[in-house]
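Asker: So the chains spell out like this:
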Amino acid sequence: MTTEAWWASPSLWRKTAVWITGGSFVILVFLTFDTMAYISAGGKQVPGYSIINQRVDYQYDDEKKRYLPVIGPEEPLFGKMLTEEEAKALVSKGKLTTQAKNCMQCHTLLGNGAYYAPDLTKAWLDPWWGNKEIREQQMVDFLMNPQDRLHNALGRRMPNLNITEEEARATVAFLKWMSAINTLGFPHNFKAIDQSAASAQQ
Amino acid sequence: MAALGVFDTANLNSGQKLAMKYFAVALPLFGAQILFGLLAGLQYLIPDFLFQVLDFSVNRTVHLNAMIVWMLYGFIGGVYWMLEDEAQHPVVGLWLGKLIFWILTIAVAIVVLVYLLIQIGPAEMSTIWFIMEGREYIEAPRWADIGIVVSVLVFFFNVAATFSKGRYTGIGGVLVLDLLALFGIYLAGMFYTPNISVDQFWWWWVIHLWVEATWEVLVGCIMAYMLIQTLGVRRKIVETWLYIEVALMFGSGILGLGHHYFWIGTPQYWLTIGGFFSALEPIPLVAMVVHAVFDSGVHKLRNSNHPALAWTIGQAAGNFFGAGVWGFMHTLPQINLYTHGTQWTASHGHLAFFGAYSTAVIAFFYLAAQKSRGNVWMSGNIVGGWKWKWSMAFLWIGMIGMTMALLIAGYEQSQIERAVGGSTWMAYFEAQSHPWFMQAMTWRQISGYIFGLGYILLVWDLLTIGKRETRSVSELHAEQPQPA
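As they're listed, the protein sequences go chains A and B. Residues 1 to 202 in the working numbering are what the first sequence lists, from first letter to last. Residues 1 to 484 in the working numbering are what the second sequence lists, from first letter to last.
Take the hints with a grain of salt, since some may be wrong.
Stated by the list, open to error - Only pairs whose alpha carbons sit at most 20 Å apart, straight line, appear in this in silico SDA-like list of lysine to any residue:
| hint | chain 1 | residue 1 | chain 2 | residue 2 |
| --- | --- | --- | --- | --- |
| 1 | A | K191 | B | V420 |
| 2 | A | K93 | B | R235 |
| 3 | A | K93 | B | F191 |
| 4 | A | K15 | B | M190 |
| 5 | A | K132 | A | N53 |
These are computed hints drawn from the structure, not numbers from a lab.
Use the sequences and the hints to build the structure in full.
Answerer: Okay, here's the thing in structure tokens:
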């Protein structure tokens, strides 16, 4: 039998596998710590929960060449200013609603989920709600009774998920907060609802 | 020992008897996956079908969870199947393994019944604990999570203790470390946070590091055993390849996790890291194809189990195309900005899960069918051999049909809804009602029925193959020239 080539030796590849796996994992752990600074609420890319007291918009940034959230003047949700703690409790209730109602198995959130219904990343900013004056109430009404509201030519409808008014309002808060996350330009080319002062006067 | 061709568990070692239990649950769950997939698919074509009875969300939840559970059952079965052969030692703590099988199976049944009958709950933590978590793939309520953790620990104990008492082969060593990682990663998904970016960050730790790393290595281990069994490949060759595959798989897959961190609020460096490492992810899959095809060629396709080897080669090819090529097609952020969250992902998901995992488990089903009938002949001219060939053909044709149809729907959606329409609700529904999309969904459904037909044939074949066979597998070995 001929001598084995060095590159065909099992022990070489076993060591390589161990070192590569260990090395990759260490890098991943390091990056995970670093990423937390960006994605914790109030971090570099994910806003604090009291952002729902302000206007949230989504505009094209000509310098960065991508769409980014733009935070505007005070525009409290349902007309009520909340502290960071109160806002967190409300957004948390909304997030829990999205889980308890299994939203993700029809919709996508931040693009993840199912594809039977529209993406919710920027649902707060969707022109479909008409104008910003009626938007909050429109959203609450829709969430509580979606089954009779035909909103597309396909006949695809959202079922009634027994969402209470409290849950619906909290869900709207969660959606508003989510729309303020810097998702690096996803979704691209999204034309947000007109929230300017001019639109309010119409 | 029972007569040749008669089904009898006396033909099996004790680990294999336990494996048969897992396989016996996995196979009907595969059927449930197909059934609920067909129901969900039909709702794209007839939106009022089962509206407010079994909504799309319910059907899809069961479709996905049945898939995860039957594959896990298949893998666990595969590991118990090979354990005593590999370790040359009876399973340590077998009674605990048997007990856990029943507990896990009852838990799965309860979870599925709750998904179907209770479906959703109020926005309270009790819903998360007892009904469902509402997070795709890991919907299982928290009580079941804890059950899964305990079960996996027992399974890990069985495997690690058996190898320790017997002998540690290369396959055994990789397997034990991989199971440890698989277990640890699951814990990352067991908490609640209001912050969806943090939620999805850890959620991907579980999903990606399972599906695109630890599951791949687990399948690498059981398929290595499969090649030794069916082709008689030398252990040293198989194990060297396994190490290479592990190096490539973890080297690309661990940081390839970054391709899920493009658009969820995570920092910009993930675009580069995720794009680069996920672009490398197909390489180990190429290596696996080379390995399987090369070994088959060296042995001139002379093997002891034709259906199992055919599914093994199908696994290598399906893994490469489904996970590798289909994944690569939309993994770079420059295209993913438009394809993320469209039917493109569904196309990739279907071919990848089937190609990489279903195929591997089906190969083990055939190994089990052979041995439980007393190691019957399963090489050339199997009695009733048309069944395995046609079921395989229907399953593959159905799967390729679904994949292609969903890909077309994904292209259309990426262009019309995303690039042009900018992802508003109007743009979404405009794309969904486009004839190209609707035609694709019709073809997906037809392909789904073909796939279902393949499944029915598969079940029939697994229950009957080898039944009227009078030849034993030893006849093949008798003819085979012994290596010098």
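Asker: Indicate, hint by hint, whether the structure satisfies it.
Answerer: Quick rundown of the hints versus the structure:
Between A/K191 and B/V420 the CA atoms are separated by roughly 11 Å; this keeps the pair inside 20 Å, and the hint holds. About 56 Å separates the Cα atoms of A/K93 and B/R235, which puts this hinted pair outside 20 Å; it is violated. Taking the CA atoms of A/K93 and B/F191, the gap is about 15 Å. The hint holds against a cut of 20 Å. Among the hinted pairs, A/K15 with B/M190 is inconsistent with the structure: their alpha-carbon atoms are about 33 Å apart, more than 20 Å.
With a C-alpha separation of about 14 Å, the suggested pair A/K132 and A/N53 falls inside the 20 Å cut-off, and the hint holds.
Hints 2, 4 from the earlier list are contradicted by this structure; the remaining hints agree with it.
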